[in-house]
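Novice: Which chain is which? The protein sequence lines are A and B, in order.
Whatever position you read off the first sequence (first residue = 1), add 1364 for the working numbering.
Whatever position you read off the second sequence (first residue = 1), add 1364 for the working numbering.
Treat the hints with care, since some could be wrong.
[As the list claims (entries may be wrong)] So, partial list: chain B residues that the calculated Cβ filter (under 8 Å) puts toward chain A:
#	residue
1	E1410
2	E1472
3	G1661
4	V1662
5	Y1707
6	E1766
7	R1767
8	L1771
[Said to hold, decoys possible] Residues on chain A that point at chain B, a partial pick, calculated with CB under 8 Å:
#	residue
9	M1443
10	R1703
11	E1763
12	Y1770
If you are wondering where the hints come from, they were derived from the structure by calculation, not from laboratory data.
As the structure is a prediction and not an experimental result, all values here were calculated from the model.
Ideal Cβ positions, reconstructed from N, Cα and C, are used throughout, including at glycine.
Number of protein chains: 2
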Amino acid sequence: MIMKNYVFKGNICYSESREELCITENGYAVCEDGRCAGVYDTLPKEYETLPCYNYEDKIIIPGLVDLHVHAPQYAFRGMGMDLELIDWLNTHTFVEEARYGDLEYAGEAYDIFAEDLKNSATTRACIFATIHTQATLLLMEKLEETGIKAYVGKVNMDRNSPEYLCEESAEKSEKDTEEWLLKSQGFKNIKPVLTPRFTPSCTDELLERLSGLQKKYGLPVQSHLSENLDEIDWVKELCPGTSHYGETYDRYGLFGNSCPTIMAHCVHCGEEETELMRRQGVFIAHCPESNANLSSGVAPVKRYLEKGMKVGLGTDVAAGSSLSVFKAMALAVQCSKLRWRLYDQSVVPLTMEEVFFMATKGGGEFFGNVGSFEEGYEFDAVVLDDSMLRHPRKLSAKERLERLIYLADERCIAAKFVDGQVIFRES
Amino acid sequence: MIMKNYVFKGNICYSESREELCITENGYAVCEDGRCAGVYDTLPKEYETLPCYNYEDKIIIPGLVDLHVHAPQYAFRGMGMDLELIDWLNTHTFVEEARYGDLEYAGEAYDIFAEDLKNSATTRACIFATIHTQATLLLMEKLEETGIKAYVGKVNMDRNSPEYLCEESAEKSEKDTEEWLLKSQGFKNIKPVLTPRFTPSCTDELLERLSGLQKKYGLPVQSHLSENLDEIDWVKELCPGTSHYGETYDRYGLFGNSCPTIMAHCVHCGEEETELMRRQGVFIAHCPESNANLSSGVAPVKRYLEKGMKVGLGTDVAAGSSLSVFKAMALAVQCSKLRWRLYDQSVVPLTMEEVFFMATKGGGEFFGNVGSFEEGYEFDAVVLDDSMLRHPRKLSAKERLERLIYLADERCIAAKFVDGQVIFRES
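Produce the complete structure using the sequences and hints provided.
Specialist: Here is the structure:
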């Protein structure tokens, strides 16, 4: 039997908005039936009988959300970082992804990915697999066992891809996708998400067919948008008559509104594209490390936030080297400062509060009431032990949280809970 | 008795130049009397009788060199990252540095710094202390015990500093510095380096007096140069008649030539200043994380390298959050890509080979023949165990080295040697 009613004691930190970081030192967070029933300075009488996890002086945060990561690319993280997007795809990425036609290789690689993701501070993720149906199902099985909640997508690509990684037709791609969808209904924690790789690798016919599946099954969608300048030019050539990259998805109804959508990157979006995303509630997965590693640039995230758009963070492994959303937070601040200094002083740098918001409640919104300890939120929690970051004087919880953003790794994670259930905890 | 004659077996990686990364897989590196006697595919007969450390499939690199780090600032690493240089100094840095007047606090803080530096991959460092003579000597004692080789500087500052952290006169600053110099002669691994903080906090009289000490004792010098635009404007105001920031040091003979000099940052150097540094052999400590965190910008490092200038890496704690020179390498590549994309396409990004060179032989040159396994180099070595970075297929040593640059932390360090002597090793 799984216990979903209990109290956490510790230094509780969560975002209400991008400006409001709420910190209750030596406080209590209550979990009732897997939902947060509030954060308190003093524990209300009615909860005194619940079991209490006393995390003492540790820092307790909502689980982190990774809105964009490629599971099969984890195998070459931190390697081959000398190319821009299109060359990088052709030289490293497609070659590696093709290996996942081999289920034995896929099993070995996905074991590593799932285990490392489990041991990270990430509680929710939106994940690209490959075109391979069987390997994608295998990834979903392995993730299901971790207890993490995630969307996983079998990738669609039927053009401009090497023969060894190109689906034979739009029709076949649709058929395989539907077969995969039907087989992925049995999971509890893992849900399917439609995943056209990006416009350059999807014919109009394919996007139209995927649109049919989207409506038939009410699926969410994830893809890439306006990451790299050459890519954007290429899309312009491939899709005459569209006025921006986003329109190439929107004309098939795969760009927000009734179709919950995540677009990764959005580094070089123009005004019209940005406005369409805002109006239709498209989620932006900001991937700062990836955008630096592939020399893509830096997305104007502060502007997106100021417009009230939906923004979360993505690690984008393997264009990003690491599964750590902490690293993504630190780099989001750092890259926003360089963008401001080197390129555009009209967009001021991101704050620590803003990146923490994006890593929790901002990305979490894609999953519903996720990423905060406000009442009614699903109880995803990570307990952080920063004792290895030694220090000669007493620090506030806020100082310690900022330091963790810059310096935390798995060694700092003392416990992790998703939707009220324990994923692991130190004995 | 200390053994300084032995053989290492493993995958040996080192730089000959910024373009030439030498890798001998399953090779041998020989240490004779603390110096490298060459790297071999097959062990020459003459060395067969030496004891052999068999590191099997591990990666062996020269120790890393940190050309710029502030020991007292380690206490607030990863905090207060929302300001630019001058405000950051006044708000966070000076307040913390003032605490080192209290020897008890200094002892506690420097214990942490020295121990963490010992456990890092750094074998050589150039370190700023504070204005306090006793605390600086205490830092030197603690570092001496680690076995790391380092230059440490008592900081000089006699103007534009808060009263609680300002030396009372140039004369007193000189007197204290000479007293400190005389007391720091007894160390074996740790040497003193003259450390005028930066021009804004040093009067002309102070620089002149320090110049006298430099000549009298033949000392090296470290300081800061052209880090931040406001700082540069301020120096212009403070030093009328100088044509660039570098000249404010050069006119007192504290800028290369017979005075071995490290200048940290060099983000915004003009042509004349750059040319003077090149001609006089000034070392540049490139500190990419610091320059991002304080919104300073990105130094045109590739250009410096192409001119044949002397460049190493600095972590610049606490404007940089971490003592990890691996992190500095990764960020040096990443920031150079953003500089290229956002600001100046005439300076192409740094390569993995170049940042590895800077982190080893480039910075090592300040210490003599240090930072390589070429014959005659002092035997500084770090043995890296990347088994925690799991992977489904076999990788080359070069791929593994690149991945370690992005992902290594202390858990990957299996052993560390400085000048032929073991600092630590896994049992």
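Novice: Decide, hint by hint, whether the structure agrees.
Specialist: Hints and how they fare:
no.	hint	result
1	E1410	violated, 38 Å
2	E1472	holds, 4 Å
3	G1661	holds, 5 Å
4	V1662	holds, 6 Å
5	Y1707	holds, 4 Å
6	E1766	holds, 5 Å
7	R1767	holds, 4 Å
8	L1771	holds, 5 Å
9	M1443	holds, 5 Å
10	R1703	holds, 6 Å
11	E1763	holds, 5 Å
12	Y1770	holds, 4 Å
The structure does not agree with numbered hint 1 stated previously, though it agrees with all others.
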